[in-house]
Amino acid sequence: MKRIVGLPVPHSKNTADYKPEEISNPSEVRLPMKMHSGSPAKPIVSVGEEVQIGQLIGEAEGRVSSPVHASVSGTVKSINEHDAVTGQKALSVTITSDGKKTVFEGLAPPAVTNTAEFLKAVHDSGVVGLGGAGYPTAPKLTLKEGTRLDYILINGAECEPYITSDTRTMIDEAEYVAEGARLMKEYLRPENILICVENNKPEAIKELERLTAGEAGIGVRVLPSKYPQGERKVLVYNVTGRIVPEGGRLTDVGCIVVNCTTVAVFAKYIQTGMPLVSKCVTVDGSAVITPKNVIAPIGTPIGRLFDACGGLKDDCKKILMGGPMMGAAVPNTELPVVKVTNALLALNAKDARPPVPTACIKCGRCIRKCPMRLMPSHIESAYEAKKIDLLKQYKVNMCAECGCCAWLCPAKRPLAQVMTLSKELLWEARQG
Amino acid sequence: MNKLTVSYAPHIHDNSSARRIMLDVIIALVPAFAMSVWVFGSRAAVVTSVCVVSCVLMEGVYQKLMKKPVTVNDFSAIITGLLLAFNLPVDIPIWQAVFGCAVAIIFVKQLFGGLGKNFANPAVTARVVMFLAFSTSMTTWAEIPDAASSATPLALMKRGGEELEKLPELWNMIIGSRGGSLGETSALVLLIGGIYLLVRRVITWHTPVTFIATVFILTALLGEKPEYHLFAGGLFLGAIFMATDYPTTPQTSSGRLIFGAGCGVLTVLIRLYGNYPEGVAFSILLMNMVVPYINKLTARKALGGKRD
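Those protein sequence lines, which keep their order, are chains E and Z.
If you count the first sequence from 1, position 9 lands on 25 in this note's numbering, and the numbers rise without skipping.
If you count the second sequence from 1, position 209 lands on 234 in this note's numbering, and the numbers rise without skipping.
In case anyone wonders, no lab produced these hints; they're calculated from the structure.
Just so you know, even glycine gets a beta-carbon here, dropped at the ideal spot from N, CA and C.
Careful, some of the hints might be misleading.
As the list claims (entries may be wrong) - No farther apart than 35 Å at their CA atoms in a straight line, the calculated lysine-lysine pairs in the DSBU-like style are these:
{"#": "1", "chain 1": "E", "residue 1": "402", "chain 2": "Z", "residue 2": "321"}
{"#": "2", "chain 1": "Z", "residue 1": "331", "chain 2": "E", "residue 2": "403"}
{"#": "3", "chain 1": "E", "residue 1": "329", "chain 2": "E", "residue 2": "116"}
Stated by the list, open to error - Computed footprint of chain E on chain Z, listed as stretches where at least three residues anywhere in the stretch have a Cβ under 8 Å from a Cβ of chain E:
{"#": "4", "stretch": "30–43"}
{"#": "5", "stretch": "130–141"}
Using the sequences and the hints given, assemble the complete structure.
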């Protein structure tokens with residue numbers, strides 16, 4: 017079978033062997049009510065109220081939404097709007113920590129005996145797509161009547177450079193990943209569950225193979241370590257050979273892709289009753305003194321995580337939430353760790369400088385290497401000429417925004433940015 | 026805290042650059058340059074230097090006059106100069122060579138917007154223009170010590186009859202000891218350059234292989250001497266270095282196969298049935314014209330994309 021080969025983007029998995037350590041309790045956490053795609057959660061606490069770890073403070077609203085839980089014990093300081101990473105405003109609940117880490121006494125493992133109860137438990141755990149997309153997991157796993165499900169792919173590819181938080185989950189919480197696979201096998205009844213891991217994570221592969229040995233229909237699939245192996249459509253194609261139709265869902269071809277840490281979170285909730293309140297985050301990059309993996313309560317200002325890693329070097333010029341291929345550069349260190357935060361990278365002046373673009377020499381590398389088989393250089397010309405019809409014809413809407421085109425462009429054209437801008441242009445044109 | 030840079034992903038890039046690609050092409054042309062000096066003597070170096078310097082100067086001066094950013098440090102004008110020189114006979118008058126450079130850099134490249142925007146290969150077009158404008162000096166070939174005739178092997182084959190006796194040994198044609206343009210005579214050193222470009226992933230195999238294979242197969246089928254057609258003219262220079270020029274050739278692999286095959290067919294038709302003994306430059310120029318259509322025909326279909 018023909019595979020999407022991918023690019024030899026350097027792995028830089030410097031922290032893969034660092035068992036994550038918990039950071040000291042932050043004095044304050046800020047929990048945005050929208051850390052997922054869909055509708056924001058609605059705060060159900062009031063200013064001055066005492067809360068404990070795991071206590072529900074934001075209720076999910078609507079079908080695609082996710083609840084938010086207190087990540088420290090303390091007092092609700094304020095509920096107001098703040099800047100989110102995306103630049104939009106979002107309602108956040110700020111909690112002043114009492115430093116006691118008191119766990120909410122109402123927490124108990126939910127009773128799960130059927131599919132509905134399983135899905136409710138997934139929803140109540142507060143888990144969303146932790147690979148980065150942040151789509152609430154419960155609606156993703158809720159299948160229409162009669163949907164045939166052949167594959168659930170547990171995504172442990174972690175193809176983004178630097179990030180090792182999923183790797184650590186698959187090593188340190190391998191039992192939860194395996195348990196999550198068993199739960200999905202029992203309640204969603206797919207033909208196969210494959211835990212998909214790139215071959216640069218031998219320890220995780222060994223651990224997961226040991227834990228799933230003898231489980232009918234659950235296995236580990238080892239994949240080449242080539243970017244963007246973990247992109248969901250790439251993963252589906254490379255593992256099953258199936259092509260997701262334009263505008264369609266993965267379930268149209270009998271597949272679901274779910275991130276490995278997502279699986280571990282709901283499995284842990286079902287076993288212990290503890291919802292998603294903290295994250296393992298890789299802190300790395302050329303401007304970090306001691307790169308590490310740390311565990312931090314959700315809502316912790318990202319500056320605290322750098323402090324836990326010896327601080328930032330003097331020449332730090334760029335801070336990324338997420339990996340270097342798809343992550344967002346952020347303007348300050350006060351932004352909170354959110355549910356989908358898996359890495360914080362600080363780059364020195366040399367690494368932070370965007371490359372200087374030169375004229376496109378039409379080498380065609382972006383065209384031959386696009387995993388979605390789009391034609392980025394043509395799309396750039398169409399965008400510059402604002403030709404909506406051409407952009408449609410070139411299917412810019414199908415761009416996965418993986419960044420491969422911009423990574424390999426010899427002329428260093430800002431192709432990935434142009435892709436996103438083109439999508440917006442199409443969107444605006446549709447609005448009339 | 027420093028002011029933080031906010032820019033769009035990706036935040037890392039590979040270490041390729043347009044300049045590095047150009048440098049690789051120049052490196053790949055060095056063996057052919059050395060061979061041209063060995064075969065034709067020091068005037069080969071003079072002609073080559075004149076072309077390179079003229080191209081770079083003209084590009085810089087034009088951009089300065091037009092108040093555009095001067096981009097001569099991208100090395101692309103050096104390649105144009107080298108390739109044009111390689112397409113000229115060693116005794117070409119210097120002023121004619123300079124004229125050719127003006128055609129390549131000003132008319133074909135800069136007037137269409139500069140690097141990456143030209144639709145025809147500058148060196149090929151300049152060669153064709155010079156061929157028509159200065160047909161005598163463009164077809165006057167210097168005496169080669171070991172060769173029986175100064176005429177190019179293709180010209181001898183075109184004339185046929187007794188002239189065929191004067192064809193050089195096949196081995197002499199492969200190493201380059203034969204009449205012809207400066208850089209075209211040695212298939213061997215051109216091939217070494219081509220392999221270097223393949224290893225450096227500057228070019229793909231598609232166009233050179235289909236171009237050369239088409240010429241070989243077609244001439245064999247038509248009862249000609251296919252091995253002579255491979256090494257006799259500018260086929261290797263054209264197929265490896267000029268039919269792989271990025272802006273003027275297709276960007277998809279399948280498009281490059283079509284382009285190479287088209288060049289091969291046209292070359293053979295011109296060589297066998299046209300008025301000219303050589304057809305490589307004409308065929309590349311003609312195929313340059315249809316590149317937008319080849320690109321359209323071979324456009325990649327998005328993975329899972331619906332037909333509109």
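Checked hints:
no., hint, verdict
1, 402(E) with 321(Z), "holds, 19 Å"
2, 331(Z) with 403(E), "holds, 20 Å"
3, 329(E) with 116(E), "holds, 32 Å"
4, 30–43, "holds (count 13)"
5, 130–141, "holds (count 3)"
The earlier numbered hints are all upheld by this structure, with none contradicted.
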